Amino acid sequence: MSTVRETLAERQGLAHEEELPPLSERLTVIRPASRLPKLDFQELWQYRELALTFVWRDLKVRYKQTAIGVAWALLQPFVTMVVLTLVFGKFAKFPSQNLPYPIFLYSAQLPWTYFQSSFQSSSFSVSLNSALVTKIYFPRVLLPLAAITVPAVDFLLASTILGGMMVYFHVGIGPEALLAPLFILLAAVTAFGAGLLFSVANVRYRDVPYVIPFLVQIWFYCSGVIYPIEALKEKWQWILSLNPMTGVITGFRWALVGTPPPHAGQFALSVAMAGLLFLFGLTVFRGFEPRFADTI
Amino acid sequence: MATATRTVIDVEGLAKQYRLGQLQAGYDTLRDSISHGVNRMLGREHLPPAETIWALRDVSFGVEQGEVMGVIGPNGAGKSTLLKILTRITTPTQGSAEIRGRVGSLLEVGTGFHGELTGRENIYLNGSILGMTRREITRKLPEIVDFSGVSKFIDTPVKRYSSGMYVRLAFSVAAHLEPEILLVDEVLAVGDAEFQRRCLGRMEELSRHGRTVLFVSHNMQVLARLCDRAILLREGRIVKDGPSEEVVAHYLQTEIGQGSQSRWPDLETAPGGKRVRLREVRVIDEHGRLVDSVDIRQPVGIEITFTILRDDVAVFPKIKVTDREGNNAFNTVDTSPRWREPQPTGDYVSTAWIPGNLLNEGLYTVEPGVSSLGLVGSSKLVHQARAPEAVAFHVYDPGEGDTSKGGFAGQFRGAVRPLLEWTSEHR
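Sequence lines, in order, name chains A and B. The working numbering puts the first sequence at residues 1 to 296. The working numbering puts the second sequence at residues 297 to 723.
For reference, chain B alone in the conformation it holds in the complex (with noise of 0.2 Å):
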């Protein structure tokens, strides 16, 4: 027993099955129960067998203390059905789980507040409701009551308070308790910009105190930075595990079909014509890896193979690169003076280096080509190969403050951002 790593979630083959049609609500009446049942004991009717889904099927997974790990996949992949079997909201059908520590979870912000009830009431109410003790309660009041910053309404019943005060009051409570492990479900968090982002620094703050995290999220980003680990599922599985910025780039590329490299080894049907084809196309890092995602400040290469058939043009390698929305990026050539003349026949590797601090955050796909000028004025471009959408990859921010968004940790918008330098003065 001489290691350092203490396992505190131990998920051993988990699955749940849920009855087709449990999942809506209030959808049967005690009268036609009792109907179809009459009707079964006289055997004009038979039960028609159960529609089932399986929204997790053998869920394995440990996490070490101290750990903090995330947890994607598309809708319907049994996120949340993972998350409210380990806050014991629901049962599994098979398999097991087990938890050492206080578990909390920001579902359960302001989980059960009564509207006719003072702040002070609600906080022991709620409090208590989250597994905290009175006397746990009474003791952490005043600190509660202060972050909460509503202590002057603090005895007026919280159906008077506006929603704002109302989530401030609800999340300072969830604050304070103090939990081993920590669920947090980000679709289900209710809230807006700013309550999302207390939970995100809350994450953080517990995550630094060596507390374990489980984090469910759709914001590759966020994930992607608050995470040390994370678990793809699919379809109720688990389809990859390892480091948060693997797995990520794994689901965004997988999602949209795409890997970090391309092969084209059969030269007859590589893309291209009866001049240049391609042979293969690779994102790597300055090192020359393959990569699937890049912080933001490093540079990427996008290394294009290519065969040159006839060396009666002159041909270019060319990239495009296109982001999550499908808006064009940018366009760029390579420009060296070589590729004025019509090179010998044979195989070429040319290299873009994207610059650090150029891309936005988030998936870009990059359609590899080699092109030639048109003959009339140099005005248009002769797409001798090329592979739309041939490779992808994922880019992000650490989120260390030094890069074109500083202390902001929302999102930009744009297809670039690129860090600017910049001139101030005060006059």
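Isolated chain A, as found in the complex (with noise of 0.2 Å):
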């Protein structure tokens, strides 16, 4: 063994030097950035375990932070349904497609929130983190992405309300419920074309930060939450179709409580531009990606 490496370090005229650690496998390309709006899946993939800790760090410093800790997550969503049941339930009576009206809003607040909480903390997800991105190469795009998956944890333990709700109204669920979790996906692929729209913007333009609550605050009056999308005309409907987390609520609510299905017409809409809000989301981001650094 020790003869073959010997012959090896002369052939390399090591033999009179010491002999230096062996040449990393690991090499590095940097060259001037592509702005092709283009995932690197194999990067990301190199870049997992970082997405994790970013994942597992937002989610201990948020339970740390509140005192009640995890209850919160509990707590918030069901205060909220209670207040939103009286205003619009049963001082405005908004229909409510035969159900009780805290079912009707919870099947729909669930997805919404999720969205709500995803789309702003990607937005403020680079901006945020510029102590991160001033110092440390890693994909950019891992804090957007970190960004809408913590919430769904949340998510998950606000739908045992839900769950809790559908056994005291005596609501069934059917085998639609399986495909729940598309609608989240839509959801959260709706949330990351917009964060990254808007993480972007945090960086570039100083009075974004002021813009956002009030832009979500428009969304959640457009996407069908308090009301049912069914009671608007048709034309209204197909407008509001153009907002992807119409789809996103219509659907989830048909499929775990058994409101009448989307319009097939009206739910391709809202995918396709949940897709085109993805797709200039990263286009934007990947084009502003290489001047993070130099701008935060």
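Since the hints were made in silico from the structure, they are not lab data. Nothing here was measured: the structure is a model prediction, and the numbers come from that model. Glycine included, every Cβ here is placed at the ideal spot set by N, Cα and C. Each hint should be verified, as a subset may be incorrect.
Quick list of in silico lysine-lysine cross-link-like pairs, DSSO-like style, CA-CA up to 30 Å [said to hold, decoys possible]: (1) B:Lys-436 to A:Lys-60; (2) B:Lys-455 to A:Lys-60; (3) B:Lys-570 to B:Lys-616; (4) B:Lys-616 to B:Lys-676; (5) A:Lys-64 to B:Lys-455; (6) A:Lys-64 to B:Lys-436; (7) B:Lys-448 to A:Lys-64.
Which chain A residues stay away from chain B? Per the calculated CB distances, all over 12 Å, these [to be verified]: (8) Ala-71; (9) Gln-76; (10) Ser-96; (11) Leu-162; (12) Leu-279.
What follows is a set of in silico ranges between Cβ atoms, one per label pair, in the way DEER data are often shown [what the hints assert, rightly or not]: (13) A:Arg-206 to B:Phe-704: 45 to 55 Å; (14) A:Glu-43 to B:Pro-595: 51 to 61 Å; (15) A:Asn-98 to B:Asp-451: 47 to 57 Å; (16) B:Pro-438 to A:Glu-25: 21 to 31 Å; (17) A:Glu-43 to B:His-583: 48 to 58 Å; (18) A:His-170 to B:Leu-326: 48 to 58 Å.
Work from the hints to combine the two standalone chains into their complex.
Rendered as structure tokens:
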């Protein structure tokens, strides 16, 4: 064994030198940034541990900062549901497709809250992590990606409330429930696309943080959370379907609590819009990515 | 391929362009952007041509495995930009770089630490940000905790740590990264003197184990001591690439505008007057070779060539040595009996030998001269010829512990730093 190594060292002219450590296999090639809107899945896979670390960090910090920890993830949606039910169900008497209003509302509030937290935290994910972005390399897209993953935990916790309510209000569940995760995936794609776009805007423009809450509020009223989209004229149903969240909410509600299924064409429109938003967000993000460290 | 040298960093034509204004953060608002955009669409306004600067231009070099290379240059020369590109924090505008091996940088010390998380949790967080796998961190955890010296508080949130503990923990993680290539920017490396010393120690340790190090520093002494080779950047370009001693000396001297040699070939315009003219001055080593920088332990000679034009007054050569801050370190004249009498006209060469272990580290400038004594009671010198700051040289301490600062790695102040005979006894 050692003779083999010696001859090798001799051949490399190393015989009289101190042996250098073996040359690494890892090769990094640095070139001017490509602006194509593609995700380098191979690289993302390489960085999967870091992505999980970001998620783990945010979860840890989140549940450490609140005194009541996990209970907060249950209390917050429950109180929101009660208040919205009082306002829109009791006083304003919004239609609820023959369901008790709390069930009707909460089955939409769940995906909406997931979307809202994902969108907001991914929008701030780059600017809040500027200390990392200016000091170390990793695929920047990990930040918004981790940001849309963390709220999924809250979503799962809050889902237990829906289960309880369905038992309480005697609402049955069908095999469509198996499709529910697909609608959440659609919400995730939408939040990711919008988050990519706004994370760039947040780095680029200092007045964007004031725009986001306003945007979220408008978006909420345009997504059919507090009212059924079928209650609107057909023209308006199509217009609102340009908003991917309309498709998410109609679909999720159908899958879990048995409201009428989403109109196929309208739903397809929502899906297409989510795809476009995602592609547009990714293009903008990729185009601006090389400048993050120079701008923050 | 039968070569012993293996290039691990290969930089080809690297260039980086910044848009002016891009360097200042948060300068734009969306509102302004929209209103300017609308005005442009209406033709009421035109896009001003973007002003740009090149922070790096056509930079090419290679670093061999195990080499310790320094990067020096004035502020804004592109040193930090170069490091940012190599660490992939920012991308180049043109050119490419290939890096073979795992890169670590002490820029990242403490990067991503979160105050709410405990020391242990932050080791995992910081470790994976630095590129370690969870398994690797788990394996090294006892070592990291031990080395940091904060094991008692390892399950306390780091927001309760003192800043010293915080830095020690952060450094301990970085120190266990075991990069194959270490990139260090001393300017950006935070921390106190003690911490910087540890960084340098870690750098030396890695370089002894055949790791490749790229080191950006303003501390020329440290750089010259640690690095085999250096590149000098100015306005984004490499202006010199060579042994670090040479490059450092070149940098210091071009910064101030002197070399280690000055010549005045034209007798009419050479410094001096009707009695004496200076012809040449050189900084030389023991072997008579021209030198830019000198090991503090070695003597250095100031060789003055001058022409005596009249033999009516007794003249003698003299030097005045000034340190980097402009303090006069000393004056000295040639006291040999020859100069007590007027000497015949003609060319003379005199060399003043400054002994080793006398001057401090740093840059010294020399004013050579030829003087005579004033007539009244010899209390006045008459400068027959002199050339202020004609030459300069750089003194460095190779840090082998046999100079007047012993094992101390920092800098002593003072124009001189003689190695003295000490006597000590125990009473």
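Hints, one by one, checked against the model:
1. B:Lys-436 to A:Lys-60: Holds. B:Lys-436 to A:Lys-60 sits at ~22 Å (cutoff 30 Å).
2. B:Lys-455 to A:Lys-60: Holds: B:Lys-455 and A:Lys-60 sit about 15 Å apart, inside 30 Å.
3. B:Lys-570 to B:Lys-616: holds (22 Å)
4. B:Lys-616 to B:Lys-676: holds (16 Å)
5. A:Lys-64 to B:Lys-455: Holds. A:Lys-64 to B:Lys-455 sits at ~13 Å (cutoff 30 Å).
6. A:Lys-64 to B:Lys-436: With Cα atoms ~26 Å apart, A:Lys-64 and B:Lys-436 stay inside 30 Å; holds.
7. B:Lys-448 to A:Lys-64: It holds: about 21 Å lies between the C-alpha atoms, which stays within 30 Å.
8. Ala-71: holds (18 Å)
9. Gln-76: holds (20 Å)
10. Ser-96: holds (38 Å)
11. Leu-162: holds (30 Å)
12. Leu-279: holds (22 Å)
13. A:Arg-206 to B:Phe-704: 45 to 55 Å: Roughly 48 Å apart at Cβ, these two residues keep to the hinted range, so it holds.
14. A:Glu-43 to B:Pro-595: 51 to 61 Å: Hint holds: Cβ distance 58 Å, inside 51 to 61 Å.
15. A:Asn-98 to B:Asp-451: 47 to 57 Å: Since A:Asn-98 and B:Asp-451 have Cβ atoms about 54 Å apart, the given range 47 to 57 Å holds.
16. B:Pro-438 to A:Glu-25: 21 to 31 Å: holds (28 Å)
17. A:Glu-43 to B:His-583: 48 to 58 Å: holds (56 Å)
18. A:His-170 to B:Leu-326: 48 to 58 Å: With a Cβ separation near 50 Å, A:His-170 and B:Leu-326 satisfy 48 to 58 Å, so the hint holds.
Checked against the numbered hints above, the structure breaks none of them.
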